[in-house]
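Colleague: Next come the chains, spelled out residue by residue.
There are 2 protein chains.
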Amino acid sequence: MTTDLLIHREDLDFLLYDVLDSAALAQRPRYADHNRATFDAAIDAAHRLASQYFAPHNRISDENEPQFDGQTVKTLPAVGEAVRAFAQGGFLAATHDYELGGMQLPVTISQSCLALFRAANVGSSAYCFLTAANANLIRAFGSDEQKWRFLPPLLDGRWLGTMALTEPDAGSSVPDLRSTAMPLPDGRYAIKGQKIFISGGDHDISENIVHLVLAKTPSAPAGAKGLSLFIVPKRRVDMDGKVTDSNDVALAGLIHKMGYRGTTSTMLSFGENDACIGELVGETGQGLRYMFHMMNEARIGVGMGATMLAYTGYRHALAYAKERRQGRLPGNGDPSSPPVTIIEHADVRRMLLTQKCYAEGALSLCLYAARLVDDEKTHPDAAQREQTAQLLALLIPIVKSWPARYGLAANDLAIQVHGGYGYTREYPVEQFYRDNRLNAIHEGTHGIQALDLLNRKAGMKEGQAFARLHQRVLDTVGRAKHSGNPDLAENATKLEHAWQELHETTQTLLRAVRVDPISGSANAAYYLDLFGHHVVAWLWLWQATAADAQLAKRPHLGDFYRGKLAACDWFFSTELALTSPVHVLLRQGEQHALRTEVEWL
Amino acid sequence: MTTDLLIHREDLDFLLYDVLDSAALAQRPRYADHNRATFDAAIDAAHRLASQYFAPHNRISDENEPQFDGQTVKTLPAVGEAVRAFAQGGFLAATHDYELGGMQLPVTISQSCLALFRAANVGSSAYCFLTAANANLIRAFGSDEQKWRFLPPLLDGRWLGTMALTEPDAGSSVPDLRSTAMPLPDGRYAIKGQKIFISGGDHDISENIVHLVLAKTPSAPAGAKGLSLFIVPKRRVDMDGKVTDSNDVALAGLIHKMGYRGTTSTMLSFGENDACIGELVGETGQGLRYMFHMMNEARIGVGMGATMLAYTGYRHALAYAKERRQGRLPGNGDPSSPPVTIIEHADVRRMLLTQKCYAEGALSLCLYAARLVDDEKTHPDAAQREQTAQLLALLIPIVKSWPARYGLAANDLAIQVHGGYGYTREYPVEQFYRDNRLNAIHEGTHGIQALDLLNRKAGMKEGQAFARLHQRVLDTVGRAKHSGNPDLAENATKLEHAWQELHETTQTLLRAVRVDPISGSANAAYYLDLFGHHVVAWLWLWQATAADAQLAKRPHLGDFYRGKLAACDWFFSTELALTSPVHVLLRQGEQHALRTEVEWL
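Chains as they are written, first to last, in my numbering: chain W, 118 to 718; chain Y, 118 to 718.
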């Protein structure tokens with residue numbers, strides 16, 4: 118796999134520096150030791166490791182799923198080597214403090230690094246991301262003693278981590294979790310219960326596996342408020358941080374997935390022999406709150422995974438379309454004329470440009486969200502931090518779901534560009550498509566994200582968050598109108614109008630939800646999609662305006678900038694234009710589905 | 118797998134008899150021995166065989182692809198048993214004359230029978246369909262002696278057949294085929310060349326495999342006109358019809374696909390040792406014409422395959438949604454209240470109703486096309502036969518592509534209804550989705566179908582075919598307006614308007630194609646999709662009007678008929694309504710993709 122297929126580095130640089138002004142982050146005290154050169158060095162290092170350790174076994178681990186041999190779940194040696202290379206490269210602690218062994222990188226840069234691993238191999242990199250999320254939770258809410266015992270081995274990759282939330286009867290419904298935690302005399306807890314879909318739940322990669330488990334303590338209230346968070350290692354860890362004996366965490370089964378096959382997915386049984394011991398993290402009853410603390414970054418991670426699968430798929434399709442010769446252009450009936458490269462066919466060009474819009478649009482969305490996380494954490498102005506937190510909360514359901522849906526659509530087009538070959542496992546686009554299908558499901562399905570957006574986020578703080586986002590859109594509109602480029606000005610006018618429509622549709626829906634939350638939110642999935650297209654159209658206008666400004670300054674990148682302008686035009690004249698009847702559907706409160714009785718289906 | 122999951126038999130009966138008036142076919146001389154009872158008996162038999170021989174190993178053959186053991190390609194014994202049961206049931210010759218051992222069934226009924234095998238197992242049934250297509254070609258164009266030698270063993274399943282068109286450098290571009298056929302002194306030909314993506318190209322199911330191969334004779338003109346069709350068996354067949362020695366057809370490799378894994382897909386090498394002998398079918402230079410003779414039914418077959426995957430996927434999702442309990446309705450914050458079945462959630466209801474619209478809409482489309490084939494062949498009026506042929510030609514690109522695209526979308530929703538379970542190979546919806554992804558590619562990709570529709574079919578015979586289809590739509594509109602049901606009348610008005618728009622858009626595009634075929638057809642893919650939605654909206658209004666008429670007569674099927682009315686309303690108020698801006702895009706002659714230079718991508 119050549120460099121070019123993982124990412125278009127000029128594009129990443131453009132987004133980070135020309136669009137998102139990430140170099141300015143180095144002015145913040147937390148990032149004072151950094152500058153663009155150190156950011157780029159981190160990305161270069163990630164690129165090298167991703168190419169060297171992750172990409173080569175992506176197909177191999179898809180074809181050779183982890184297997185249970187009766188004792189343990191066996192993975193390919195290359196997976197463990199990759200995870201250790203990732204840890205040794207410092208990426209598990211990329212954003213952590215220096216004194217904790219971290220690189221103290223901005224989230225924007227850290228996510229850019231991680232993007233490369235995702236593009237190279239989503240299956241193997243998932244072990245790393247789960248471990249990082251696990252360590253982040255322990256760092257944020259664990260006791261000093263827990264941090265001292267668990268963080269070093271997690272951050273150097275000797276132990277790996279999981280997040281064990283879901284149970285067989287409570288997939289999207291956290292309040293219905295039934296695992297229990299009974300207090301023991303020594304302050305620890307006896308854990309008992311079944312968990313399902315636990316990624317990385319069992320394997321032979323590391324010396325130990327640290328599960329973070331949501332469970333209920335006795336006499337806890339029903340529902341989400343009764344959940345607490347526990348550290349439950351596969352093998353017990355004594356007070357000196359040494360791994361001792363088995364902790365009664367049993368593999369109840371492996372789950373075989375459509376894609377993401379390199380990541381083992383497990384059913385786990387905790388405390389079958391009443392010998393599973395967990396340690397409480399923080400306070401009882403706070404488990405879900407702790408988990409939610411990490412939710413934004415987890416959901417950005419899902420969006421970024423979907424994005425990078427779309428991105429590398431697009432790069433593969435582009436390379437193929439430039440090489441593959443077939444057919445002739447319409448109007449040429451001479452069969453003795455040589456076939457053209459398929460990129461010359463209008464429909465192939467359309468499929469490539471659409472993929473570019475989806476993949477690069479999604480990347481701008483995810484990086485923008487990461488940039489908001491940095492502002493939320495390190496902006497010098499407290500009011501700005503608060504405002505940024507609201508913006509981020511509003512955008513998160515879109516960051517999670519838009520790349521999952523349209524990234525998959527991009528992968529579908531990448532297959533189509535390859536024709537029959539794209540349907541075979543001999544070409545990587547086939548795997549990208551299967552891998553990407555997961556992203557509409559985990560970390561909250563589309564349906565869950567849609568309800569989060571409409572019923573919680575769109576109206577929060579009396580609509581302040583929406584208004585702030587709208588203002589940012591109008592700022593971009595203003596810049597585009599003053600660019601002197603009439604195409605940009607025309608798109609700016611379209612965007613201004615589209616967002617006014619979105620504002621009005623949102624108001625209508627919020628009123629409807631207040632009157633009746635069930636019928637009012639019945640079309641939330643359409644709203645989620647519509648909102649997403651409006652956000653991505655804004656980011657495309659932003660990208661195009663930035664590209665237009667650079668065009669005169671850096672003519673050697675002229676093709677690249679013209680590509681951004683062309684993609685923006687395409688997105689506006691097709692994708693955004695096609696959304697207009699959705700406003701009508703939503704404002705009319707379309708109810709046919711809700712009124713359809715079960716027996717009629 | 119219960120009956121209900123393969124097909125909703127009331128729905129099939131409704132489409133066949135209440136909508137398409139298929140019982141009337143028995144009045145035609147060819148079908149004079151038939152009546153509704155014999156039609157139903159054939160469908161019942163197909164249902165039994167599909168359930169007994171095909172469904173049980175659908176997942177097993179997905180998980181155990183055919184393997185080359187160095188000598189032959191090994192398949193599961195269940196595959197051969199299923200193929201033989203299909204043949205012994207008479208389904209290979211379902212539409213053939215009685216005197217050739219056929220059942221002389223109408224195509225509409227035969228396709229209904231085959232639909233059940235497709236729903237049960239697309240992988241294994243493909244061997245049957247390829248063999249039937251192969252035998253149909255030999256029956257139509259072979260010499261009496263070829264028919265005598267090849268048809269009996271093909272029709273009783275002792276030998277299986279393939280269609281060997283595609284070559285590595287000429288996927289969608291038939292004129293670039295390079296395989297050659299050199300005349301031998303005895304009137305036969307020496308065949309030489311490589312073929313790729315040959316389904317059923319090698320296996321251990323049957324005693325022999327009869328390939329139908331497109332190849333060029335010496336001094337044949339360049340392009341499609343130079344192609345001839347040859348019978349090339351894997352093992353030679355002597356003049357008495359006995360299988361003799363090997364015919365120098367070598368397996369060059371197996372192709373490993375995303376889905377459809379039960380059907381082996383091969384690269385074949387003909388005449389590596391200059392010892393591959395073929396027999397000309399019919400006349401030289403007519404190969405492509407012969408193939409095209411079968412193209413309509415082959416493309417209906419692809420549409421039907423896509424449809425039945427969507428259909429069975431919907432039935433699985435529906436059954437799951439009625440059983441699975443999870444979460445509570447919006448507005449209910451009481452975690453101690455019992456979870457509801459997920460079909461109560463508005464978004465799940467939406468996903469089910471959308472699947473119903475796609476699956477049942479696609480089934481009506483494919484059966485309508487089959488009904489046209491019957492009229493084309495057996496209508497007593499010659500002018501009607503000719504008109505029907507035109508209608509069919511116009512609709513074929515839609516019959517091939519609409520179910521492939523929206524059937525896949527239905528399967529995507531079936532997964533989503535299942536949540537995390539839907540992404541696992543433990544649930545059948547995962548396989549349906551992978552299987553269905555093929556259908557946008559084989560028998561002409563979406564892009565090829567789009568060009569066929571716009572550049573050939575939409576304007577053919579000075580627009581007569583379009584006008585005839587439009588008139589049939591207006592007939593349905595008239596019936597709906599006079600039904601006395603105001604909802605139907607409202608949808609009828611919408612449809613009338615939508616078709617007027619489609620007519621105008623078509624005129625605009627045809628003018629643009631005449632001026633410049635390249636830019637004029639640049640958005641053909643959007644047109645194909647738009648046209649498809651207009652056709653399916655028509656068929657939904659037709660179904661709804663028929664259901665409305667039955668509602669009073671058969672109140673015990675009230676839920677079923679109300680479901681048809683609800684699906685029609687939903688299709689009109691969402692799917693059809695959302696297409697309106699596509700007319701604008703097409704009439705404006707959107708050219709951004711075409712103007713995007715290769716270097717900008």
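Accuracy of the hints is not assured; some may be wrong.
Straight-line C-alpha distance at most 20 Å; calculated DMTMM-like pairs for lysine to aspartate or glutamate [claimed, not checked]:
| no. | chain 1 | residue 1 | chain 2 | residue 2 |
| --- | --- | --- | --- | --- |
| 1 | Y | Lys359 | Y | Glu324 |
| 2 | Y | Lys342 | W | Asp451 |
| 3 | W | Lys359 | W | Asp451 |
| 4 | Y | Lys439 | W | Asp303 |
| 5 | Y | Lys611 | Y | Glu621 |
| 6 | W | Lys439 | Y | Glu621 |
| 7 | Y | Lys439 | Y | Asp676 |
| 8 | W | Lys439 | Y | Asp676 |
| 9 | Y | Lys611 | W | Glu707 |
Hints listed in this document are in silico derivations from the structure and should not be mistaken for laboratory results.
Colleague: Confirm or reject each hint.
Modeller: Hint check results:
The suggested pairing of Lys359 (chain Y) with Glu324 (chain Y) holds, with an alpha-carbon distance near 11 Å, which does not exceed 20 Å. Between Lys342 (chain Y) and Asp451 (chain W) the alpha-carbon distance is near 12 Å, which keeps this suggested pair within the 20 Å criterion. A distance of roughly 76 Å separates the Cα atoms of Lys359 (chain W) and Asp451 (chain W); the hinted pair therefore is violated under the 20 Å criterion. With a CA separation close to 46 Å, the supplied pair Lys439 (chain Y) and Asp303 (chain W) exceeds the 20 Å bound.
Proximity of Lys611 (chain Y) to Glu621 (chain Y) is assessed by CA-CA distance (about 16 Å); at most 20 Å being required, the pair is judged to hold. Proximity of Lys439 (chain W) to Glu621 (chain Y) is assessed by CA-CA distance (about 36 Å); at most 20 Å being required, the pair is judged violated. Restraint check for Lys439 (chain Y) and Asp676 (chain Y): the C-alpha separation of about 16 Å stays at or below 20 Å, so the hint holds. Restraint check for Lys439 (chain W) and Asp676 (chain Y): the C-alpha separation of about 54 Å exceeds 20 Å, so the hint is violated.
A hinted pair counts as satisfied when its Cα atoms are at most 20 Å apart, and Lys611 (chain Y) with Glu707 (chain W) qualifies at roughly 16 Å.
Going down the numbered hints, you'll see the structure goes against 3, 4, 6, 8, while the others check out.
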